[in-house]
Amino acid sequence: MNRARLVYIALLLLMLAVPAGSLYYKLYVVQLPLQSLIPDVSYKVETLFEVDGYGNNINIATFLPKNDSRQRIFDEQNSGGVFNLEIVSEGLNRVARWQADNVNGHQYLSYTYHVSARHVRYDLLPELTIPESYPAGLDVYLEAEEGIQVHDPLIENVLYQRLGLPRNSELKVLPTLQAIHNYLQHKLENRNFSGFTDAITALKLGEASCNGKSRAFVALARKLNMPARLVGGLVLTTGNKRTSHQWVEVFISGHWVPFDTINNHFAELPENYIALYYGDEVLFKHSGNINFSYVFSTYKRLIPRNEVGEALGDSLFNSVNIYAVFEKVGISQNLLKILLMIPLGALVTVVFRNVIGLETFGTFLPALIAAAARETGLLWGLVGFLSIVLAAAWVRRGLDWLQLLHSPKMAIMLTVVVIIMLAMTVTGVNYGLFDLAHVSLFPIAILAITAERFALTEIEQGSQKVWSMTVMTMVVISAAYVVMDSLFLQSLIMALPEMLLVVIALNLWLGKWVGLRLMEFIRFRKLIFGREAQQP
Amino acid sequence: MNWLKKIMYWRKMSQQVLSINQRNLEFIYRYNPRKFYKTADDKRLTKQLLAAQGVPVPPSYFVIESFHQTQQVGQMLTDLDDFVIKPAQGSGGGGIVVITRRDEHGWYSPSGTLWTVLDIQRHVADIVFGTHSFDLGDFAIFEQRLRPAPLLHKLSPWGLADLRVIVLEHKPVMAMCRLPTRASGGRANLHQGAVGVGINLKTGRSTHAIHAGMPIILHPDHGENLIGLELPDWKECLRIAQRCGEILPLKYLGVDLAITDEGPKVLEVNARPGLAIQLANDCGLRPALFDVVNA
Numbered sequence: 001m002n003r004a005r006l007v008y009i010a011l012l013l014l015m016l017a018v019p020a021g022s023l024y025y026k027l028y029v030v031q032l033p034l035q036s037l038i039p040d041v042s043y044k045v046e047t048l049f050e051v052d053g054y055g056n057n058i059n060i061a062t063f064l065p066k067n068d069s070r071q072r073i074f075d076e077q078n079s080g081g082v083f084n085l086e087i088v089s090e091g092l093n094r095v096a097r098w099q100a101d102n103v104n105g106h107q108y109l110s111y112t113y114h115v116s117a118r119h120v121r122y123d124l125l126p127e128l129t130i131p132e133s134y135p136a137g138l139d140v141y142l143e144a145e146e147g148i149q150v151h152d153p154l155i156e157n158v159l160y161q162r163l164g165l166p167r168n169s170e171l172k173v174l175p176t177l178q179a180i181h182n183y184l185q186h187k188l189e190n191r192n193f194s195g196f197t198d199a200i201t202a203l204k205l206g207e208a209s210c211n212g213k214s215r216a217f218v219a220l221a222r223k224l225n226m227p228a229r230l231v232g233g234l235v236l237t238t239g240n241k242r243t244s245h246q247w248v249e250v251f252i253s254g255h256w257v258p259f260d261t262i263n264n265h266f267a268e269l270p271e272n273y274i275a276l277y278y279g280d281e282v283l284f285k286h287s288g289n290i291n292f293s294y295v296f297s298t299y300k301r302l303i304p305r306n307e308v309g310e311a312l313g314d315s316l317f318n319s320v321n322i323y324a325v326f327e328k329v330g331i332s333q334n335l336l337k338i339l340l341m342i343p344l345g346a347l348v349t350v351v352f353r354n355v356i357g358l359e360t361f362g363t364f365l366p367a368l369i370a371a372a373a374r375e376t377g378l379l380w381g382l383v384g385f386l387s388i389v390l391a392a393a394w395v396r397r398g399l400d401w402l403q404l405l406h407s408p409k410m411a412i413m414l415t416v417v418v419i420i421m422l423a424m425t426v427t428g429v430n431y432g433l434f435d436l437a438h439v440s441l442f443p444i445a446i447l448a449i450t451a452e453r454f455a456l457t458e459i460e461q462g463s464q465k466v467w468s469m470t471v472m473t474m475v476v477i478s479a480a481y482v483v484m485d486s487l488f489l490q491s492l493i494m495a496l497p498e499m500l501l502v503v504i505a506l507n508l509w510l511g512k513w514v515g516l517r518l519m520e521f522i523r524f525r526k527l528i529f530g531r532e533a534q535q536p
Numbered sequence: 001m002n003w004l005k006k007i008m009y010w011r012k013m014s015q016q017v018l019s020i021n022q023r024n025l026e027f028i029y030r031y032n033p034r035k036f037y038k039t040a041d042d043k044r045l046t047k048q049l050l051a052a053q054g055v056p057v058p059p060s061y062f063v064i065e066s067f068h069q070t071q072q073v074g075q076m077l078t079d080l081d082d083f084v085i086k087p088a089q090g091s092g093g094g095g096i097v098v099i100t101r102r103d104e105h106g107w108y109s110p111s112g113t114l115w116t117v118l119d120i121q122r123h124v125a126d127i128v129f130g131t132h133s134f135d136l137g138d139f140a141i142f143e144q145r146l147r148p149a150p151l152l153h154k155l156s157p158w159g160l161a162d163l164r165v166i167v168l169e170h171k172p173v174m175a176m177c178r179l180p181t182r183a184s185g186g187r188a189n190l191h192q193g194a195v196g197v198g199i200n201l202k203t204g205r206s207t208h209a210i211h212a213g214m215p216i217i218l219h220p221d222h223g224e225n226l227i228g229l230e231l232p233d234w235k236e237c238l239r240i241a242q243r244c245g246e247i248l249p250l251k252y253l254g255v256d257l258a259i260t261d262e263g264p265k266v267l268e269v270n271a272r273p274g275l276a277i278q279l280a281n282d283c284g285l286r287p288a289l290f291d292v293v294n295a
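Residue numbers (my numbering), protein chains in the order written: chain E, 1 to 536; chain S, 1 to 295.
Chain S extracted, bound-state conformation:
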């Protein structure tokens, strides 16, 4: 009866994996009332709520809320050499522009693309008209460009790495670090080719890593070892993630943090966090989630 034992074992293992159906029914629908989605979907609102309670977020320079304000962008950028433009309700990193330096012609993204005032105005107009957020009128947030902590800068020189922590009822249950790669075009989305690194919650050390769905040990671009690394400011990261869970009305959350040279800052929160974190950690979410549910 070897095969039966095997099937029973697979059954046991499959019961540790959180499925989409179960995530939606038993976590998102149960813990995240729809009327509070906007506190996660609108980055400006999220930042306001968190900053008011002393949670560190990237400082905003200014927000463009309507088309006629786009005329003033040039004037408002007078003193800024580097910054980030984000649509308040964008998803998947769409519409985000990072500016790292400027000269007499204009501003430059990390890849060296020149952005004139007119280019920036046009991009802001697109954001305001909702090009990146399904035609719901949107705001364009100009905020400080974050400088990643040395370890993370070494691991992903092409884009800002982030830390995703799943929080249920303000208890962190699983975490992973997402490293943009050359293939992902600077974006930290796993399905766009970013590397996912599973992090042990207790120690803050990386335990496992995946790229394009396959386990890896070395970074696909520069060959740096990804296993056993210790993230800086780990206790602070967990404390901030926990604070987000306490402050926001959403009780099943994906908190996205940037670990900067000035400490961790909350980039955004997600009311429908994905399931790939289980692959990055090589571990199903269900035991950890139900520990919280049954606590």
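Bound-form chain E, shown alone:
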């Protein structure tokens, strides 16, 4: 056995032993709970508005979520188009106001934020009674409002007749709220309409949507001297929707405790609820006659748990807590995740090239495009990749005719790629395809080189060859995307970044793998399968 072979084996073992050791250390010495290694679910929420302008001034306002003990908001991004954004505090709420003068034509604007929220559940003590009085400042949560008719006789009627609560005796918090919650949950039909329903109408009709039920809840609670408020927000599920949601919070022993009588959450709120505003507000306010429409797009994302850093505490790993380091310099965790996943994308490319035998443009182009496509989505990523490469290769053909030297020609190609990207971004924004607009995150130089390779391959090996390579490249981009987008692998790599050494180990192994590629079995099929076995 020669020295290179020994070093190879030693390196391979090292790349496997170090992650194994650090995994052992984390789990058994630091006693990091396995649970904390599994990343938090977070959501990327994009609110997309569309309006039509006829030379008028347009104002649009909505509420943006705030950080609190339950929900964490990060990586906010305004794509305002022609609109100027101003964010102000109004009472408890954070209001975004977009404004533009003399607006013409169909306009888009979008606001994106990431949110990670905790599931909360309150255990209410059974012996807790409703207090006589509250600290100053809570009075407002006991008063009647336009849609919350606390003093209507029907409210009293519901409480004492239908719910059968005892009059003139000290009420306990838990059974009282249970009675109200169960009544609204089970005796009022859920209706899925979007109009305004006040408390009295909801109770009279015996059916309501979330806002009617919530107003009824608040009115009933306030009547019994329990401070209560409406909460407006979103229930996050992957996909597009227009519906927002309302639930209520009741002030109990110093806490605002949530209740949702549409989805039957009693004193608890799931992690996919995000609060946008407090009080009886309208989610969107906008100038008239602008053909206003909106949609919420939600994507599930993963982020590391903050507990990981805390749990590792003073251990050896805290100094290399990359999440904390990234957080300090304000680099988004999304970028960190992309960085961590690129080696996996490269591994996928290696497998496709060396084990399956697909010919792709560039060794790492597929991984890099797949990484960039996380922002555009796979479909728009492929569309963007193909259009940029084709357009640049077409331009190159013209440059070829002019007979330019290599370096200046490549510089022109690079510029052309930049121009095409900007054009796609502008087109994307103009037509509301904000995903497509993210093609500007694509690796520019690599695309220019790919266009050059595309053109050269077409000249040297024909258009059939170049198209088969393009299709194979797109297949590998898709495969790299699927792997890099896998929640399981993301959790694994993000919780245990030392797994990257295992990726190196796999590449070391593949680097010495001399077997036939899958495509070679096809190429040499006559040599392998073409002959009948001779009988011994």
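Just so you know, the hints here were simulated from the structure itself, not pulled from any lab data. Quantities reported herein were computed from a predicted structural model and do not represent experimental measurements. Do not take every clue at face value.
[What the hints assert, rightly or not] Here are the simulated EDC-like pairs of lysine to aspartate or glutamate, each with C-alpha atoms no more than 16 Å apart in a straight line:
| hint | chain 1 | residue 1 | chain 2 | residue 2 |
| --- | --- | --- | --- | --- |
| 1 | S | 154 | S | 104 |
| 2 | S | 154 | S | 261 |
| 3 | E | 512 | S | 26 |
| 4 | S | 154 | S | 236 |
| 5 | E | 526 | S | 282 |
| 6 | E | 44 | E | 268 |
[What the hints assert, rightly or not] These stretches of chain E come out as covered by chain S in the derived footprint (C-beta under 8 Å, 3 or more residues):
| hint | stretch |
| --- | --- |
| 7 | 503-517 |
| 8 | 522-529 |
Even glycine gets a Cβ: it sits at the ideal position worked out from N, Cα and C.
Put chain S on the given structure of chain E with help from the hints.
Using the frame of chain E, we list chain S on its own:
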């Protein structure tokens, strides 16, 4: 357990085929140190090294090394009626121009295209600027046009047929003849449509032939039989291939020879010879290679 027997047999057969991965790892990387690649990639250097040791190569008339020399091309061609222009570092036959005759207007390629002095100067300038060799400055070699031996001229009247011999540690391990076709445009590359003919190393006779990846018996253009033909000067071809392996510092080589009416001459050598030769011979390379490795 018939299927198991079958799979084991396929496994055995697949172990005879040399894969790209194995060629790169165990032959190119091991036998061809990168610093010696230039002795194969630069045809002028290859020719100098081989000619110095008495290996026959096509004689060069002159070499154009820089742009300002292109002005002298017309003058240097005064006495030449036929010749070949090659980029020293071209690959896949790119940039090669063959001239077969001349009249008062200029020179003509086999297809009848007219090349004026200006056309030739422009082509040479392209070569010197690296158009055919990835923008590395290059030289244009003007060399004698080779006349193929009668058998090979009969088989491929549209372009120069060549003989590819794979040499490991100066031992020939496999050979094939590559015949340009009308579809390949005179080029002897299998993936451009040339015919590959497997040659038995001991006898110099053709054993098998492929075109576009499929086995054939008759030439696709003119219907000549391709199997059982005996190549002229076979012993000399093998001796020259072996000499290339001895002289050059590259120990895993594809030696490309032209069998001319004056005997075999080395056209170029390749430090990364392809794997299609296995298809042309209907036989995997591994047994022959490992016979040499284990010898």
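Hints and how they fare:
1. 154/S <-> 104/S: Violated: residue 154/S and residue 104/S sit about 30 Å apart, past 16 Å.
2. 154/S <-> 261/S: It holds: about 13 Å lies between the C-alpha atoms, which stays within 16 Å.
3. 512/E <-> 26/S: Distance ~9 Å between residue 512/E and residue 26/S Cα, so the pair holds.
4. 154/S <-> 236/S: 21 Å, violated
5. 526/E <-> 282/S: 8 Å, holds
6. 44/E <-> 268/E: 23 Å, violated
7. 503-517: holds (count 6)
8. 522-529: Coverage by chain S holds here, the residue count being 6 at a Cβ distance below 8 Å.
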